[in-house]
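So the protein lines, in turn, are chains X and F. For the first sequence, the tail end lands on 545 under my numbering, and the numbers increase by one without skipping. For the second sequence, the tail end lands on 545 under my numbering, and the numbers increase by one without skipping.
Heads up, some of the hints might be wrong.
Given that identical chains are not distinguished, each listed pair holds provided it fits within a single copy or across any two copies.
Computed cross-link-like contacts, DSS-like style, restricted to lysine-lysine with a CA-CA straight-line distance of at most 30 Å [to be verified]:
id : residue 1 : residue 2
1  : Lys-367   : Lys-432
2  : Lys-243   : Lys-280
3  : Lys-368   : Lys-204
4  : Lys-280   : Lys-432
If you are wondering where the hints come from, they were derived from the structure by calculation, not from laboratory data. Since the model is a prediction, treat every value here as computed from it, not as a measurement.
Given next are the chains, with one letter for each unit.
2 protein chains.
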Amino acid sequence: MAPEVETQSNDETFVVSELQDAWHILSTAERVEGFRLLPRGDAEELFFTLTARDQYELITGLPVGERRSWLRLLPPDDAADVMQEAPDDERGGLMALLDDQTRKEVTALLAYAEDDAGGLMNPRYVRVRPDMTVDEAISYLRKQARERIETLAYAYVCDAQQKLLGVVSFRDLFAAQQGKLVRDVMKTDLITVLDTDDQEAVSRLFADHDFVAVPVVDAQGRMKGIVTIDDIVEVVQEEATEDAQKFGGMEALDAPYLDVSIPQMLKKRGGWLSALFLGEMLTATAMAYFEHELQRAIVLSLFIPLIISSGGNSGSQASTLIVRALAVGDVKLRDWFRVMRRELVVGTLLGVLLGIIGMLRILVWPTRNKLYGEHYLLISFTVAFSLVGVVLFGSLAGSMLPFILRKLRLDPASASAPFVATLVDVTGLIIYFTAASMFLRGVLL
Amino acid sequence: MAPEVETQSNDETFVVSELQDAWHILSTAERVEGFRLLPRGDAEELFFTLTARDQYELITGLPVGERRSWLRLLPPDDAADVMQEAPDDERGGLMALLDDQTRKEVTALLAYAEDDAGGLMNPRYVRVRPDMTVDEAISYLRKQARERIETLAYAYVCDAQQKLLGVVSFRDLFAAQQGKLVRDVMKTDLITVLDTDDQEAVSRLFADHDFVAVPVVDAQGRMKGIVTIDDIVEVVQEEATEDAQKFGGMEALDAPYLDVSIPQMLKKRGGWLSALFLGEMLTATAMAYFEHELQRAIVLSLFIPLIISSGGNSGSQASTLIVRALAVGDVKLRDWFRVMRRELVVGTLLGVLLGIIGMLRILVWPTRNKLYGEHYLLISFTVAFSLVGVVLFGSLAGSMLPFILRKLRLDPASASAPFVATLVDVTGLIIYFTAASMFLRGVLL
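Let the hints inform the model, and build the full structure from the sequences given.
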């Protein structure tokens, strides 16, 4: 964790905030230059707000002699993030700048995947023994605070083998009578996470419960570190951004918009865009299949965009609801049937709503005879009936696709608005032309 | 804040988790019944994980005599959230169940809007005086811990008028030499939020900095409470869900998917769906305008879904990027021109990519002569040219619309995938038919 309160003296704030604002348009060399002009306090303030990538670039941009003090400013979990950014041949040089203990801790952290609880945790936490008195524990705590502990919220009670026996919140420790033993005030039924748990699961735990830190243990129940809530806020933001981008029909960027290079941007967007385009080509095939009907009743073509987009829109609504509900845990995989029943009702009613609007639009239009021909009434039936079918299909496809993806162990957020729209477009055309042949056979077709 | 460590004894876990899993399919009466069957410890565990709405329904579902102890379990900020859920005529009765001090605090909190920092804050924090010694402060802290403080991370140094003078983290307080005065170890350059600040701004502050609590002051600089990071995790999740739902083309639900009634669901989805439908009707008007061209070259209609959906997809990508970048602060309003320049480049290149794929598709298709007629080459030019135009327009419209909405003080997240798609559909048709008349005039048209 960074310092808990930022210093912000009035005369220099101007310079810091200016550098901060211009940050993403500056080259690394310019950033380093600006950074070195700041007073140390301001520079530290800025340093802690940077991403690990920027911290890495800044540190390696500084003269060799200045690097050590910046790297040593970071707690082991953040230092490990910086090391992750370094290519293999540079990492050794940076690791050598750390003090021995931190280097050992960082090495252990680097063994974990970045997205695991182990990659997120801080190996420094407050340890007490079960047979200390409350008073002993508090003064022991004062000693540890002087050394290397960043987060003071809970003390973790471990045995000699580092096995986690219990937790005592500082609040309870402080409120307890002085003579009591730690084992008498500690809680023993704990919520812990495994060092190999995924960070998304960890963040859901924080969202469901109101704690500020959770202990990380290995498969043998040995205490490895703590994940603190401040790291989780970033995780939650990041995961929401990733989900939003996937939902918008592209790969997650993994970096701020303005920091992504044009070729990178093309790669992340072009892939899905091409895939969707190839899928959408089926509409041309479907249309060609109905070319005969189109030729006879060109009026049918007028409503094609209206109908397929209504299916896409209702599908986008349904999939956004379910993707998000799955992400925050409001809906579980086993709820799929309840969701389907709901969407069956909601989709039908929404379809009827649009169908009525569509029909009215055709029937009350002053030039309906000229625009749509003498059979405008039958055409309005065709449009209304298709809208019910398309909106219903959109709602069902949009709501079920995320479940199918989750079941296949893929990310439900890939059930993006464009993906669902593409799926629905082809089906929408088939529904529309089927309805047309029902209502217009022998009249126009 | 809820208790910092959850108790979870093995024999009863089964029942709690069962009730928790079934929660959203149970009626209020069934919830109350199940809840009352739980041992007190487990019931408390469950109670703290509930939303304010569920807590309210549970409390009012309990016999009158049992309500007080549950309501009093809540810290003032959470109690205020429960009161928000109560209709005006019930609120007085519930307020009467609180102890005097909490009632005063809750009344003060209710004066704030729910989404303000004031509505989010906890009025209970650790207060110390600047001229206490570190030792005095620590033992004063132990006394306060026994009383009513939930969050122990910082002590706030206030003068007699409650004006905030400085902050000292417990870590620094613990690490300081015993004889020092609080004023010597406190930090005086503070980051504070105003009680009237929006919760989204507060959550951005937490995401940018690594603190666990931030002091809330009024316009006169008087300390009113603290916002703690655990409340922010929920805010970040909620805001991300709201944004996602708006982006999916609907009103935010404000409740878990399965808890929203069908009429509510219809209202939240039907409104936007109808509005988009009315907008999309312009496509029928545009198509009617080009009916003459369509009649002459029915082959043109085959590519309409393909072309307009490509515009919609690229628009969805661009708007999702910018909506999210604005929400997390990666991009500011003043960056609009830089974004436009980028999207101009990216949109053109993506358009060229799709144009090439589209052209190839037409040219290499074995039955191209039969399907598209003898002028298939010219048609492939028309399609490719239109794709460049449509994808470029989609990228520009999708990226600029969120800026325009923000500028108009509307929520950028309303630049939803369906909204952008609708906007692009009409333009896409115009681009397509213009391209057609360029390439096919005198040949097919």
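Can you tell me if Lys-280 and Lys-432 fall within 30 Å by alpha carbon in one copy, between copies, both or neither?
So Lys-280 and Lys-432 fail the 30 Å test inside a copy (44 Å) and across (55 Å) alike.
My question is about Lys-243 and Lys-280: at a cut-off of 30 Å on alpha-carbon distance, are they close within one copy, between copies, both, or neither?
both (20 Å within a copy, 16 Å between copies)
Indicate which option fits the pair Lys-367, Lys-432 if close means a Cα-Cα distance not exceeding 30 Å: within, between, both or neither.
Result: close only across copies, 24 Å inter versus 33 Å intra.
Within a copy, between copies, both or neither: where do Lys-368 and Lys-204 come within 30 Å Cα-Cα?
neither (36 Å within a copy, 54 Å between copies)
Of the numbered hints given earlier, the model fails hints 3, 4; all others are met.
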